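Engineer: First to last, the sequence lines map onto chains A and B.
When we follow the numbering used here, the leftmost residue of the first sequence carries the number 4, and every step to the right adds one.
When we follow the numbering used here, the leftmost residue of the second sequence carries the number 3, and every step to the right adds one.
Please note: incorrect hints may appear among the correct ones.
To be verified - Calculated lysine-lysine pairs in the DSS-like style (CA-CA distance at most 25 Å, straight line):
no. : chain 1 : residue 1 : chain 2 : residue 2
1   : B       : Lys333    : A       : Lys84
2   : B       : Lys117    : B       : Lys139
3   : A       : Lys184    : B       : Lys197
4   : A       : Lys270    : A       : Lys247
5   : A       : Lys184    : A       : Lys84
6   : A       : Lys208    : B       : Lys139
7   : A       : Lys184    : B       : Lys117
8   : B       : Lys139    : A       : Lys177
As the list claims (entries may be wrong) - Covered stretches of chain B, going by a simulated chain A footprint (3 or more residues, C-beta under 8 Å):
no. : segment
9   : 120-130
10  : 200-213
11  : 236-244
12  : 369-377
No wet-lab data here; the hints were simulated from the structure.
Everything numeric in this text was worked out from a predicted model, so none of it was measured.
Every residue, glycine too, gets a C-beta built ideally from N, C-alpha and C.
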Amino acid sequence: MSLRQLLLRLPRYLGASGPLRGPLDTISSVISCRGQSSRSPAQWNQVVSEAEKIVGYPTSFMSLRCLLSDELCNIAMQVRKLVGTQHPLLTTVRGLIHDRQNNLQLRGLVVLLISKAAGPNSVNASCQNYDMVSGIYSCQRSLAEITELIHTALLVHRGIVNLNELQSSDGPLKDMQFGNKIAILSGDFLLANACNGLALLQNTKVVELLASALMDLVQGVYYENSTLAKENRITDDIGISTWKEQTFLSHGALLAKSCQAAMELAKHDAEVQDMAFQYGKHMAMSHKINSDLLPFIKEKTGDSLTFNLNSAPVVLHQEFLGRDLWIKQIREAQEKGRLDYAKLRETIKAGKGVTSAIDLCRYHGNKALEALESFPPSEARTALENIVFAMTRFS
Amino acid sequence: MASCWWPWRWRRGCSWRPAARSPGPNSAGRAALYAPRAAAVAAAATVAVARAQMSYCNLMKSLTSAFRNMYGVSRFHHTTPVACCFSETLSGEKYTDPFKIGWRDLKGLYEDIRKELFISTAELREMSEYHFDGKGKAFRPIIVVLMARACNIHHSNARNVQASQRAIALIAEMIHTASLVHDDIIDDASSRRGKHTVNKIWGEKKAVLAGDLILSAASIALARIGNTTVISILTQVIEDLVRGEFLQLGSKENENERFAHYLEKTFKKTASLIANSCKAVSVLGCPDPAVHEIAYQYGKNVGIAFQLIDDVLDFTSCSEQMGKPTSADLKLGLATGPVLFACQQFPEMNAMIMRRFGSPGDVDRALQYVLQSDGVQQTTYLAQRYCHKAVSEISKLRPSPERDALIQLSEMVLTRDK
Numbered sequence: 004m005s006l007r008q009l010l011l012r013l014p015r016y017l018g019a020s021g022p023l024r025g026p027l028d029t030i031s032s033v034i035s036c037r038g039q040s041s042r043s044p045a046q047w048n049q050v051v052s053e054a055e056k057i058v059g060y061p062t063s064f065m066s067l068r069c070l071l072s073d074e075l076c077n078i079a080m081q082v083r084k085l086v087g088t089q090h091p092l093l094t095t096v097r098g099l100i101h102d103r104q105n106n107l108q109l110r111g112l113v114v115l116l117i118s119k120a121a122g123p124n125s126v127n128a129s130c131q132n133y134d135m136v137s138g139i140y141s142c143q144r145s146l147a148e149i150t151e152l153i154h155t156a157l158l159v160h161r162g163i164v165n166l167n168e169l170q171s172s173d174g175p176l177k178d179m180q181f182g183n184k185i186a187i188l189s190g191d192f193l194l195a196n197a198c199n200g201l202a203l204l205q206n207t208k209v210v211e212l213l214a215s216a217l218m219d220l221v222q223g224v225y226y227e228n229s230t231l232a233k234e235n236r237i238t239d240d241i242g243i244s245t246w247k248e249q250t251f252l253s254h255g256a257l258l259a260k261s262c263q264a265a266m267e268l269a270k271h272d273a274e275v276q277d278m279a280f281q282y283g284k285h286m287a288m289s290h291k292i293n294s295d296l297l298p299f300i301k302e303k304t305g306d307s308l309t310f311n312l313n314s315a316p317v318v319l320h321q322e323f324l325g326r327d328l329w330i331k332q333i334r335e336a337q338e339k340g341r342l343d344y345a346k347l348r349e350t351i352k353a354g355k356g357v358t359s360a361i362d363l364c365r366y367h368g369n370k371a372l373e374a375l376e377s378f379p380p381s382e383a384r385t386a387l388e389n390i391v392f393a394m395t396r397f398s
Numbered sequence: 003m004a005s006c007w008w009p010w011r012w013r014r015g016c017s018w019r020p021a022a023r024s025p026g027p028n029s030a031g032r033a034a035l036y037a038p039r040a041a042a043v044a045a046a047a048t049v050a051v052a053r054a055q056m057s058y059c060n061l062m063k064s065l066t067s068a069f070r071n072m073y074g075v076s077r078f079h080h081t082t083p084v085a086c087c088f089s090e091t092l093s094g095e096k097y098t099d100p101f102k103i104g105w106r107d108l109k110g111l112y113e114d115i116r117k118e119l120f121i122s123t124a125e126l127r128e129m130s131e132y133h134f135d136g137k138g139k140a141f142r143p144i145i146v147v148l149m150a151r152a153c154n155i156h157h158s159n160a161r162n163v164q165a166s167q168r169a170i171a172l173i174a175e176m177i178h179t180a181s182l183v184h185d186d187i188i189d190d191a192s193s194r195r196g197k198h199t200v201n202k203i204w205g206e207k208k209a210v211l212a213g214d215l216i217l218s219a220a221s222i223a224l225a226r227i228g229n230t231t232v233i234s235i236l237t238q239v240i241e242d243l244v245r246g247e248f249l250q251l252g253s254k255e256n257e258n259e260r261f262a263h264y265l266e267k268t269f270k271k272t273a274s275l276i277a278n279s280c281k282a283v284s285v286l287g288c289p290d291p292a293v294h295e296i297a298y299q300y301g302k303n304v305g306i307a308f309q310l311i312d313d314v315l316d317f318t319s320c321s322e323q324m325g326k327p328t329s330a331d332l333k334l335g336l337a338t339g340p341v342l343f344a345c346q347q348f349p350e351m352n353a354m355i356m357r358r359f360g361s362p363g364d365v366d367r368a369l370q371y372v373l374q375s376d377g378v379q380q381t382t383y384l385a386q387r388y389c390h391k392a393v394s395e396i397s398k399l400r401p402s403p404e405r406d407a408l409i410q411l412s413e414m415v416l417t418r419d420k
């Protein structure tokens with residue numbers, strides 16, 4: 004059975020499920036917004052499919068390839084038992100294997116593209132023995148997969164629930180306990196595969212880079228978890244510079260360090276490695292800001308789309324207003340303890356938060372493009388530029 | 003791996019059955035090895051439990067005090083380990099404490115680990131440092147540094163420990179702790195080593211991240227050693243730990259498969275880390291592949307023995323001594339060595355094993371069966387066999403105080419009481 008066939012079966016297992024809780028909507032909206040541009044999904048898809056042609060094959064399902072083993076049956080069976088429960092792992096897995104739009108494995112694609120854009124190192128002959136397909140070394144392809152494994156592992160670990168915070172609407176305790184168990188084991192399994200993959204690369208610098216990226220990511224997720232706003236909780240008082248640090252940890256570090264590691268594998272010098280790092284970092288930042296802006300840019304209203312109160316436009320909005328006025332606005336938008344997101348959204352749109360978030364997004368986009376200038380012109384470089392353009396287009 | 007340890011094969015050679023029990027079909031005509039002491043103990047245990055006059059803990063206390071040599075008092079005062087073969091070290095030297103010898107190289111172990119965990123996020127750092135308070139046994143680091151010295155001396159009479167070898171000791175302890183943190187969430191444990199678990203204090207969401215952080219710090223330290231072979235050896239451990247947990251999740255229907263499954267799980271969850279850490283330090287200290295294999299085999303056999311005794315202690319110790327409550331394995335639905343042996347005598351346990359002791363009263367009934375059977379003794383004997391193998395492997399190295407300490411350490415594995 005091919006990987007594709009195997010994975011196409013999984014959605015059937017995960018078909019029906021109960022309604023999601025409030026905070027889970029935020030997680031699922033973060034997941035589903037990955038890879039979508041603000042205005043035209045068709046345009047974004049085009050960018051992606053062009054990019055995938057350049058690197059030689061579709062990059063979707065990269066991190067799930069390791070599950071093509073007896074463990075897959077084990078994990079799939081266990082996850083199946085969660086159908087009908089409220090455990091977030093179900094949402095995570097569904098988000099991973101559903102339709103392509105929601106599933107884009109952006110990090111892997113970028114690592115492959117930048118590997119191709121940098122090309123082989125003409126000076127250093129020690130890579131002569133590596134095999135190369137479509138202009139990318141097999142070790143670099145492996146690295147792209149490892150990056151997705153680490154990302155997915157932490158995505159799964161984000162979905163653990165605190166057992167002492169459960170309410171009766173969450174269903175039986177033992178379902179949540181079981182879901183936690185499977186989530187931890189699956190995440191650990193993905194991490195173990197990532198570690199094995201890293202060991203096979205036989206390059207200690209790369210191992211150190213990716214291990215430190217993992218450490219950054221763990222800290223980033225820690226901040227995300229602690230600031231994931233519940234409906235009637237006041238947000239943390241963080242300014243935009245703290246927000247940037249935390250977002251670098253949770254979103255930028257993995258991609259930046261992977262891009263750098265891809266250069267190291269091809270034995271490029273420190274300057275090239277740094278440029279790759281900068282591209283990865285700034286592209287990831289602009290991607291995050293882009294997805295933060297989606298609730299404020301999209302024209303269609305209709306159902307009340309919740310948004311993260313610690314996202315870029317909101318943090319900027321608070322910084323302009325000052326803490327007290329912001330809290331006053333939140334209180335005004337609350338009705339009987341429940342936050343009226345639609346009303347709050349209008350309040351924020353009336354301020355300067357959204358426009359300055361757009362500016363920030365473009366700033367990072369420009370820095371990413373600057374970093375690309377040091378790479379020779381090529382199809383791959385153009386694809387990387389197009390990705391940045393798609394992230395920063397808001398008109 | 004365990005082909006010579008199949009229970010039915012060596013059971014024919016020895017019997018732990020106490021004289022008090024009526025002979026069953028298997029016991030006719032079997033010679034009893036080590037029978038008198040063991041048999042007496044087992045007989046007393048069976049009779050007392052059957053009468054259910056004493057509480058279980060009181061019973062064990064009175065037995066252990068009556069038979070000091072069997073169950074050990076404290077590891078620093080035992081003279082000879084009874085019911086097993088070694089009454090003196092092979093080099094004939096006086097007994098010296100392996101832990102004291104090992105700690106000479108491990109001063110500052112926990113401070114150094116905490117340095118690796120130095121991050122700016124205060125609460126996350128606090129959670130990650132929680133178990134590195136100096137109160138753990140540090141069993142794995144001790145083995146690692148002793149093995150490092152033994153290999154260095156064997157190779158070139160070098161009487162020092164390389165910095166990279168000492169780093170392996172830290173990394174082994176960190177990987178072990180990371181897996182403990184995750185295991186405690188999976189088992190919903192509330193205490194470990196006498197204090198609350200990370201998941202109970204900070205919640206499950208953050209506890210998972212603490213485990214991931216420790217793992218990432220261990221990986222960074224591993225990469226910094228700069229040796230790709232060593233990286234490959236230790237990443238294998240990380241995979242084995244996860245696969246071991248998965249093995250524990252599933253269960254085998256067939257009785258024969260169960261024991262193999264149990265030993266495989268034991269290797270992956272416990273022995274792999276010790277075996278591969280030993281192998282890693284031997285790779286760093288000595289180029290001879292034969293030495294690497296000796297180190298690996300020692301670590302593997304001691305590791306399995308360690309876990310077998312751990313499983314025994316779950317049935318024989320009381321909660322004040324261990325940091326965790328007893329019958330913990332049964333309550334988690336796990337059928338360990340003593341249970342599997344008991345099942346051979348009491349086939350009615352099969353149903354309970356298959357439903358993972360889920361029905362009310364199962365845990366207590368299973369406990370009674372185990373105590374009435376020779377499950378504990380069988381498992382202990384099996385552990386002795388593994389220790390014997392470990393000793394015969396390590397004895398191939400050049401004599402040194404550290405090699406003898408490793409021999410004594412394997413003996414201590416058998417006689418520990420916590």
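Engineer: So, for every hint listed, does it hold in this structure?
Structural biologist: Each hint tested on the structure:
1. For the proposed pair B/Lys333 and A/Lys84, the alpha carbon gap of about 22 Å is at most 25 Å, so the pair holds.
2. At roughly 20 Å between alpha-carbon atoms, B/Lys117 and B/Lys139 fall within 25 Å of each other, so this suggested pair holds.
3. Pair hint A/Lys184 plus B/Lys197 holds up; C-alpha atoms about 22 Å apart against a cutoff of 25 Å.
4. Of the supplied pair hints, the one linking A/Lys270 and A/Lys247 is violated, its CA atoms being roughly 31 Å apart against a limit of 25 Å.
5. Between A/Lys184 and A/Lys84, the direct Cα distance comes to roughly 12 Å. Compliance with the 25 Å bound is thereby established for this hinted pair.
6. Restraint check: the Cα-Cα separation between A/Lys208 and B/Lys139 comes to about 33 Å, which exceeds 25 Å; the hinted pair is violated.
7. Straight-line distance between C-alpha atoms of A/Lys184 and B/Lys117 comes to about 30 Å, which puts the hinted pair past the 25 Å bound.
8. A C-alpha spacing of about 33 Å is found between B/Lys139 and A/Lys177, which places the hinted pair above 25 Å, so the restraint is violated.
9. For the segment 120-130 of chain B, the stated coverage by chain A is satisfied: 5 residues place a CB nearer than 8 Å to a CB of that chain, which reaches the threshold of 3.
10. Counting residues of the segment 200-213 of chain B whose beta-carbon sits less than 8 Å from any beta-carbon of chain A gives 6, enough to reach three: the coverage restraint holds.
11. Residues of the segment 236-244 of chain B with a Cβ under 8 Å from some Cβ of chain A number 6, which satisfies the need for three, so the listed coverage holds.
12. For the segment 369-377 of chain B, the stated coverage by chain A is not satisfied: 0 residues place a CB nearer than 8 Å to a CB of that chain, which falls below the threshold of 3.
Checked against the numbered hints given earlier, this structure breaks hints 4, 6, 7, 8 and 12; the rest are met.
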